[in-house]
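**Student:** Residue numbers (my numbering), protein chains in the order written: chain A, 1 to 360; chain B, 1 to 360.
These aren't lab readings, by the way, just hints derived from the structure by calculation. You may find that some hints are simply not true.
One side of the interface only, derived from the structure: several residues of chain A facing chain B at Cβ under 7 Å [to be verified]:
hint, residue
1, 242
2, 264
3, 265
4, 271
5, 336
6, 337
From the three backbone atoms N, C-alpha and C, an ideal C-beta is built for every residue, glycine too.
Each chain, letter by letter, is given below.
Protein chains: 2
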Amino acid sequence: MRVEDLVERPGAWLSMGPETGVAISSRIRLARNIRGAAFPGWAGQEESVQIADSIFDALGKVSELDGALVLKIDQLDPVDRQILRERHLISNELVDKGEGSGLVVTRDESVAVMVNEEDHLRLQVISPGINLDRLWARIDAIDSSLEEHLTYSFAPDIGYLTACPTNVGTGLRASVMVHLPGLSLMHEVEPVVKGLSKIGLAVRGLLGEGTEAAGNMFQISNQVTLGQSEVEIIGRLSEVVSEVIVHEHNARQRLMEGRESQVRDLVGRAHGILRQAHLMTSREMLDLLSALRLGIELELVRNADVKLVNELMLLTQPGHLQRILKQTISPEERDVVRARMVRERLAKLTIEKDLTRDAT
Amino acid sequence: MRVEDLVERPGAWLSMGPETGVAISSRIRLARNIRGAAFPGWAGQEESVQIADSIFDALGKVSELDGALVLKIDQLDPVDRQILRERHLISNELVDKGEGSGLVVTRDESVAVMVNEEDHLRLQVISPGINLDRLWARIDAIDSSLEEHLTYSFAPDIGYLTACPTNVGTGLRASVMVHLPGLSLMHEVEPVVKGLSKIGLAVRGLLGEGTEAAGNMFQISNQVTLGQSEVEIIGRLSEVVSEVIVHEHNARQRLMEGRESQVRDLVGRAHGILRQAHLMTSREMLDLLSALRLGIELELVRNADVKLVNELMLLTQPGHLQRILKQTISPEERDVVRARMVRERLAKLTIEKDLTRDAT
Chain A
1 MRVEDLVERP GAWLSMGPET GVAISSRIRL ARNIRGAAFP GWAGQEESVQ IADSIFDALG
61 KVSELDGALV LKIDQLDPVD RQILRERHLI SNELVDKGEG SGLVVTRDES VAVMVNEEDH
121 LRLQVISPGI NLDRLWARID AIDSSLEEHL TYSFAPDIGY LTACPTNVGT GLRASVMVHL
181 PGLSLMHEVE PVVKGLSKIG LAVRGLLGEG TEAAGNMFQI SNQVTLGQSE VEIIGRLSEV
241 VSEVIVHEHN ARQRLMEGRE SQVRDLVGRA HGILRQAHLM TSREMLDLLS ALRLGIELEL
301 VRNADVKLVN ELMLLTQPGH LQRILKQTIS PEERDVVRAR MVRERLAKLT IEKDLTRDAT
Chain B
1 MRVEDLVERP GAWLSMGPET GVAISSRIRL ARNIRGAAFP GWAGQEESVQ IADSIFDALG
61 KVSELDGALV LKIDQLDPVD RQILRERHLI SNELVDKGEG SGLVVTRDES VAVMVNEEDH
121 LRLQVISPGI NLDRLWARID AIDSSLEEHL TYSFAPDIGY LTACPTNVGT GLRASVMVHL
181 PGLSLMHEVE PVVKGLSKIG LAVRGLLGEG TEAAGNMFQI SNQVTLGQSE VEIIGRLSEV
241 VSEVIVHEHN ARQRLMEGRE SQVRDLVGRA HGILRQAHLM TSREMLDLLS ALRLGIELEL
301 VRNADVKLVN ELMLLTQPGH LQRILKQTIS PEERDVVRAR MVRERLAKLT IEKDLTRDAT
């Protein structure tokens with residue numbers, strides 16, 4: 001299996017589970033480092049490669065990773081790296097690394113381990129919907145298996161040591177990706193974000209740190225990794241995200257009660273543009289797909305499903321688009337190709353009638 | 001025949017002739033006043049009514065106006081006045097007048113005479129396309145017939161006297177409504193407008209003085225009424241407008257050669273939105289219909305014709321919309337009803353396939 005074999009499959013962060021809706025996917029990652037080895041940022045080239053080799057070796061012995069794809073970052077072309085980034089399998093930081101860094105990822109993309117990113121190991125598990133308890137059980141098992149083959153840098157009074165102090169302790173970052181078009185239309189995202197940051201949670205856009213909330217997608221995650229147990233962190237996050245989901249449903253209900261025409265207008269315009277535009281940036285596309293997704297979930301649109309929206313979100317990103325086309329093209333050309341792909345994939349639908357019905 | 005009988009018919013300024021395209025319609029109006037009577041702005045209520053009566057009487061004797069609709073402005077409700085304004089039959093100034101002002105208009109709306117607007121008489125003839133010579137012959141004949149029954153205020157060395165000095169002399173204003181989406185997309189409208197004003201022509205938006213160019217519609221007219229003969233004024237305007245039309249066609253050709261995707265994008269988005277929006281202001285609608293019209297004229301859209309675009313331009317304006325609905329509604333409600341009407345009237349079309357084809 002090669003990176004390009006992933007392209008036409010649903011990405012793990014967008015795959016569909018029964019509980020997918022406002023909560024699109026959940027993710028837990030653990031930061032781990034090897035005792036006695038320099039952190040990746042301090043290690044020389046030779047040491048990095050040695051550390052990576054021993055880690056790849058250990059990962060090969062973990063049964064949960066049987067049959068996983070092993071990728072050395074320096075052996076991947078820029079488009080492949082971009083595809084992995086777009087599938088949320090690697091970070092921006094890993095994209096730019098060279099020899100001695102890499103990724104081990106299971107075929108279903110539910111488990112991914114970055115090697116020599118900021119830390120020696122970044123273990124990640126991901127699943128659709130909000131599912132943090134099960135994810136924790138899974139990553140904890142993988143972490144324990146791995147510890148049979150590697151000795152982690154660990155201080156009994158602090159916890160796991162990490163390159164950046166913000167990860168010290170549990171080394172755990174749990175996050176849930178939520179879709180909040182209702183709160184966004186009601187201009188209530190900002191107070192929610194402020195409230196969350198006051199209780200020690202972080203809110204980021206679709207593509208992680210420093211990115212805007214394209215498509216009304218927000219990642220909610222814990223900030224604190226020290227002084228709380230993993231189970232406490234996860235329990236707290238699950239609880240708060242459940243509240244946010246209630247807020248979002250509430251906002252959608254208020255919208256349909258008081259501003260149905262506005263919602264139908266947003267959804268109808270989004271569908272009309274997606275179906276007939278000839279130039280489209282990925283940012284605009286995410287925003288329009290967000291509106292279409294809202295329409296599907298509010299049952300304003302019937303002959304479409306969220307799977308198609310997810311597919312388009314992934315396939316129209318620059319890396320995926322170029323791999324499908326089998327050529328490297330400029331951003332301007334991508335806007336043409338992206339619009340065409342969206343037109344073609346939506347042309348199968350016959351959802352027009354739903355959208356042209358009036359607010360009642 | 002009453003004002004509401006006009007509603008579902010094409011307005012004269014939007015009616016279709018063989019030469020309609022960039023030039024939508026041509027119009028000539030003559031300002032005339034009755035010798036020895038005070039201008040409308042200075043006349044008292046009683047005098048105004050007397051003058052109006054004598055003018056209505058004279059208009060009744062002109063054979064070109066046989067069977068025309070005679071409307072006293074104070075007997076029309078606000079929606080009827082708005083409808084006449086939207087059909088370019090009366091001015092904003094006449095809309096606000098009371099007893100002693102009115103309109104005589106032929107059934108085909110090609111001849112309209114405002115009584116006691118700024119001047120005692122404002123004679124107007126209108127036709128599709130660019131057609132100023134024939135319009136001049138027609139209005140000149142009506143003017144001569146009318147002069148058999150009225151004595152105009154005229155000074156041999158100056159010409160016709162008018163309430164505002166800008167109309168003194170010929171009292172003639174000729175104008176052509178042109179649709180310039182190509183020049184607009186190429187950002188070349190401004191230099192054209194500047195050039196025209198340097199040679200003594202005025203450029204205004206769709207609804208006359210002080211209005212913006214909604215829907216890329218521009219009225220080009222003469223500024224000077226004194227010191228030139230009617231034939232000179234009209235000949236000059238015809239010549240210049242013909243040049244503007246050539247510029248517009250040239251801009252469209254350059255767009256299709258160098259920026260076809262951009263044109264298809266504009267047209268496709270306009271159609272997608274018109275077909276599926278649930279809220280639409282009249283300004284946005286004019287802009288979107290302008291894009292659709294461009295698409296039809298460039299043969300990017302085939303199963304639609306400009307007649308439908310014209311119909312929607314007229315019927316979705318506030319007065320027409322309210323008369324069709326048979327109730328007075330707020331601007332917010334009009335946005336809902338306007339969007340619905342556009343969706344319904346466009347639903348008959350099957351132009352999707354054309355618009356989803358790619359630029360070649």
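**Student:** Where does the structure disagree with the numbered hints, that is, which hint numbers, in rising order?
**Tutor:** Result: hints 1, 6 break, sorted rising.
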